[in-house]
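J.: Protein chains in written order, with full-length UniProt numbering: chain A, 1 to 252; chain B, 1 to 168; chain C, 1 to 771.
Think of the hints as simulated: they come from the structure by calculation, not from any bench.
Using C-beta positions, here's what the derived DEER-type ranges look like:
(1) A:THR22 x C:ALA383: 16 to 24 Å
(2) C:GLY680 x A:SER82: 52 to 60 Å
(3) A:LYS125 x C:ARG34: 23 to 31 Å
(4) A:THR22 x C:ALA740: 51 to 59 Å
(5) B:VAL82 x A:ARG184: 25 to 33 Å
Non-contacting residues of chain A with respect to chain C, defined by C-beta distances greater than 12 Å in every case (computed):
(6) SER7
(7) GLY23
(8) PRO26
(9) ARG31
(10) ASP34
(11) GLY50
(12) THR67
(13) LEU151
(14) SER183
(15) THR186
(16) VAL228
(17) ARG235
A few chain B residues facing chain A, derived, Cβ under 10 Å:
(18) MET125
(19) GLU133
(20) ASP158
(21) ARG162
(22) GLN164
Idealized CB from N, CA, C, for every residue including glycine.
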Amino acid sequence: MWPAVTSTPVIRATGLVKIYQTGGLPVPAVRGVDLVVEPGEFVAIMGPSGSGKSTFVHMLGGLETRTSGEIWLDGKRADTLSESGWAVLRRQKVGFVFQFFNLVTNMTVADNVELPALLGGASPKHARERREYLLAELGLEERAGAAPGQLSGGEQQRVALARALANQPRLLLADEPTGNLDSRNTRDVLKLLGKVHRQGQTIVLVTHDARVASMADRVVSLLDGQIVDDAPIARLQRRPGGTAGDIVELHG
Amino acid sequence: MRLPLLALLAKEPAHGYELKQALEVTFGSAYPSPNIGQIYVTLGRLEKDGFVRAVDVEQSNRPNKKVYYLTAAGREALEAWVDEPTEGPRVRDEFFMKLVLAPLTGIADRMALVNRQRRHYLSLMRDLGELAERTDPGNRVARLLIEGAMLHLQADLDWLERCQEDLT
Amino acid sequence: MITGVGVVTGVGVITGVGVRAEVRWVRADLRARRGQALLTVIAVAGIVTALITAATLLEDGTNPWRGLFERGRGAHVWIHTKGAPNVPALRALGGVTDVAGPYRSAPATLADHGRKVPIALQETTAALPSVARPLLREGRWLDALHPDGVVVEQSFAKALGLHPGSPFPVTGLNGATHTLTVAGLAESGDQGFYPEWTPGLAWTLSSTLTMVEPAPGRTETVTGLRLADAGYTDIVVQQAVITLRNQVQRVSTWREVRASMELDNRLLGLLLALFGLAGLVAAALAVANATGGRVLTQLRDIATLKSLGFTREQVTRMLVAEHGTLGLLGIALGLVAGRVITAYALSDTVVVPLSSGPFVAIAAGTALVVLVAVWLPAWRGGATPPIPAAPAAPPHGRLSRLARVALLVRLPPALVLGARDAFTRPASAVLTLTGVAIPMMMITIGLGCWATLDGFSRHPEQVGQAAALSVRPGDLTASEALVRVMADPDVVTAYPGVELDALVPWQTRTVRTRALGLSSDPYPFPVVEGRMFRDRGEAVAGQGLLDLLGLRIGDRVRMTIGGTPLIVKIVGRVIEPEQDGEVLSFGVDSLAAKDARPPQFYSLVLRPGADAAEVRARLQSQALEVDQAVNPADRLSVIRVIIVALVAVLALIGLANLLTASALGLRDHLLDLAVLKAMGLTPRQVMATLVTGTGLVAMAGVVLGGAAGAFLSKGLIDLEGRGSGVGAGIGRAPTPGMLAGALLVAIGATLLVALIPARRAARAQVPVTAR
Chain A
1 MWPAVTSTPV IRATGLVKIY QTGGLPVPAV RGVDLVVEPG EFVAIMGPSG
51 SGKSTFVHML GGLETRTSGE IWLDGKRADT LSESGWAVLR RQKVGFVFQF
101 FNLVTNMTVA DNVELPALLG GASPKHARER REYLLAELGL EERAGAAPGQ
151 LSGGEQQRVA LARALANQPR LLLADEPTGN LDSRNTRDVL KLLGKVHRQG
201 QTIVLVTHDA RVASMADRVV SLLDGQIVDD APIARLQRRP GGTAGDIVEL
251 HG
Chain B
1 MRLPLLALLA KEPAHGYELK QALEVTFGSA YPSPNIGQIY VTLGRLEKDG
51 FVRAVDVEQS NRPNKKVYYL TAAGREALEA WVDEPTEGPR VRDEFFMKLV
101 LAPLTGIADR MALVNRQRRH YLSLMRDLGE LAERTDPGNR VARLLIEGAM
151 LHLQADLDWL ERCQEDLT
Chain C
1 MITGVGVVTG VGVITGVGVR AEVRWVRADL RARRGQALLT VIAVAGIVTA
51 LITAATLLED GTNPWRGLFE RGRGAHVWIH TKGAPNVPAL RALGGVTDVA
101 GPYRSAPATL ADHGRKVPIA LQETTAALPS VARPLLREGR WLDALHPDGV
151 VVEQSFAKAL GLHPGSPFPV TGLNGATHTL TVAGLAESGD QGFYPEWTPG
201 LAWTLSSTLT MVEPAPGRTE TVTGLRLADA GYTDIVVQQA VITLRNQVQR
251 VSTWREVRAS MELDNRLLGL LLALFGLAGL VAAALAVANA TGGRVLTQLR
301 DIATLKSLGF TREQVTRMLV AEHGTLGLLG IALGLVAGRV ITAYALSDTV
351 VVPLSSGPFV AIAAGTALVV LVAVWLPAWR GGATPPIPAA PAAPPHGRLS
401 RLARVALLVR LPPALVLGAR DAFTRPASAV LTLTGVAIPM MMITIGLGCW
451 ATLDGFSRHP EQVGQAAALS VRPGDLTASE ALVRVMADPD VVTAYPGVEL
501 DALVPWQTRT VRTRALGLSS DPYPFPVVEG RMFRDRGEAV AGQGLLDLLG
551 LRIGDRVRMT IGGTPLIVKI VGRVIEPEQD GEVLSFGVDS LAAKDARPPQ
601 FYSLVLRPGA DAAEVRARLQ SQALEVDQAV NPADRLSVIR VIIVALVAVL
651 ALIGLANLLT ASALGLRDHL LDLAVLKAMG LTPRQVMATL VTGTGLVAMA
701 GVVLGGAAGA FLSKGLIDLE GRGSGVGAGI GRAPTPGMLA GALLVAIGAT
751 LLVALIPARR AARAQVPVTA R
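Next up, chain A with everything else stripped away, as it sits in the complex (with noise of 0.2 Å):
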């Protein structure tokens, strides 16, 4: 999908640190976590609640500030950037995904769509054209015109997907899109984030769900704000076409 896998890392991150000032008391929530990904990876980061992953993905798109670290995206310094200038970076290269949707709730779904991509400069003819694209992509075609309240939850985080990647990013993060669904809904968004993925997007994605985090290429553990585990998911040598029973018998 991209027209040259140059070799830049998309994300670059070294001895990323946030410290968070309570009360007068620092509480570190992320200490010290060096990543790197790479164009078209899709890595999956777990860790218990409280293990700083959340706060690692915000600081990844600069919704907060590091304590001290550094942040390469492709290729470019970012953790220096004013917050205007991560917003601006924010805008062009960065879609987020969030647990509870975030749509915009005053705007339709098409206008929620068309946002980022008026945002990034777009004429209206073209970021019209784009959102067509996406939520055809995404079988919400019909739902352009409908108030994001008057959509389920899946459809909402469906609706935030295409938001998210309106513009074409380099990368896509996500913190727990699938937190707050059911499991059809679950699945259905699965289903897109893998087709994304199929076609080249970068992804990060934080994650509680071991089905989200088992489509990943690579799982990142976190704990206690650093990294434990940092490896790729073998593919399991066995048959092909074996069978649930298979599975449950070998782990039980």
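Mind docking chains B and C on chain A? Use the hints.
T.: Same frame as chain A, but now just chains B and C:
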């Protein structure tokens, strides 16, 4: 295997191959299909225990086949099985033994154990996901079976997380 | 397809790009809250309208004098002398730029339907003079070919029904009657309107004047001085009086002319300005409240926008644009409405529309206020962290002290819960409270003004108008006139009176002195401080006079009346609605006999309930000249319309604040609703809880505002009275009935506004879910 066969026979008398087919149709690819030998061995044992009765049926151009009927004792055993609550998930876990005991010996590091186990579970989960995609969406029994396996895995992963938090 | 890789070039990109996205969001948000937006626009428009109207009234825009004086290049000072003054000497005085005249002026009478009306004939030239030029309104100007032509001052002509071509039979002092013809009608900024300013004025050519009044000793000479700056008036008068020595009979300045044309608009304007400014504060609060409330409910959306790549500046700009546009729209509407109202609805009063300076100042000032009011919450909105995952949690509902009190007195649980909610957000509660209290306070003050006006018209004696009529003997002798007057059944008392101009040392202008009644039997002046005069040499004064001369009660003042020195002691202060309060009153017996006898007029106190107009007609039929006192309340009746309009605008502002508070309160409690229902509260109780939550704060605001208004209104009106020279003591607090009514209506409206959304929320099926 014994009791599912009794259950199938409670519906109608059948011969061994018919039983194998019934199992496959019901559970689909989600469940390991038993081989025919296993089924005949089990049926033999059931007959010896008096739960089933075999009747030879003559066939015109083939060897006689055995059709199995459920006996009264068999029905009783089946009813007892159905009435009795099923045991919950296992509490004895081999991985847990490793996790607790291995570090004592200095052979392995707990963190590494947990990480390896997690990756393994995630591989399993991916397989299940792929299996689910291959499974006919109309087969509800199969789907539920896969979902059950996934939920167990999720629970195992959550538990792994607890282990990592508390033991390392 | 857009390529995913864009080049960040810095701030240029930040400001230039994405305006379309901002516009899209603003449009969507406005669509989602049309009603609230409309209310904001109307509230701001109302306040701006009030301010424009106030400024117009304050700025002499209602006083025709300004326009007339400027257009006719009027003279600031008129000096009446017996003979022709030394014009070069006058012209040489510092500050004098031009001299009008000297013109001869002769008293005469005009026969009007069997009545003799005193007039002043004033000489002028066939060519319109360049200074103190009468402004021809109808007909033509004088010309030497028609020596019998006169040009009549317009207000006088109107009062007598004269038109160009009407006969103008004039009788000179020698008794000879000459029938002249009205050639034209003209206005002048050098003389007040008839009948406030008498005698009526007619301009004639010199030859005509000589014909009517051949005796040179009976004419006087008037000379006008036009000054470079109106501020020189006092010095020039002083110097002119010295220059001309004993020649000067009377000096009048532009101030008296202006005052005579004025309709007490200053008082009205001040009142309006006060309302307008307080209203502006209230409107700013309403705008800030609405914006802040809206931003508070939108924090998540704003965070989402920022996560999409909206910068802090963009968010602030967007919010300012959205809410500011509403305010500016309101201002634009208000400016137009203000112009339209002053041009059409007040067309009788307003002569010159507001000049562009104050107009622009009001527009810019209100715009600034609105933008600041909007900018603060917008800036706060812009500073929202871009992490939308954390929903803004409502603050914890501690059991406030108020709620504990509520529990102690065993109120129903819904009320206690509501009371608990009322003050959980202290800042918000204070904003709501002030937002309701200020309009309520101003409404109460408005009611106080209303009550004061009622006091004026019901008890004219309390504003110095015990006498409804005053009679001038005219052709009759004073005693004959008195006999005829007292013969009327409705006349209770007649006080002899003389009004004279007095020269006060160190004061370059004359002040009006009024000798009325006797020291032993004084006219019932409304004394509000000190006491009534009882002896010769004692006097009472209006606030304006005290301020002008820097005097206090108990001081002595020396003055010259008609060349006779007079020393009086000021023993009291009276309410004085005339001459900006610059009037000194004492008994006729304090004057030298030559000035006091015969009295110029008699002030008549009528039997209570008598119709002044009827009595006047009866007395006029007896060949008496009768003037009817003009009650200030009548002249201020326009104030009542304005009070009603202002109350409406202020109520609207209060309403806007209430709606904001109610929406916010509902948002905070939406989550609790399900829990409350689960706890077993009936929908009615849930509703009561919600209504109490919002209503309590608003009601506190209403009561507080009402109390403050009632407390302040008397003092404030007195302050204005003092400022206008009439003097403190006119202010009335709103009547208890009025106040109670206003409070009840306000509280009712408050509860209603809180009730409607609460009712809807209580009936709705709210699931217990996470946000």
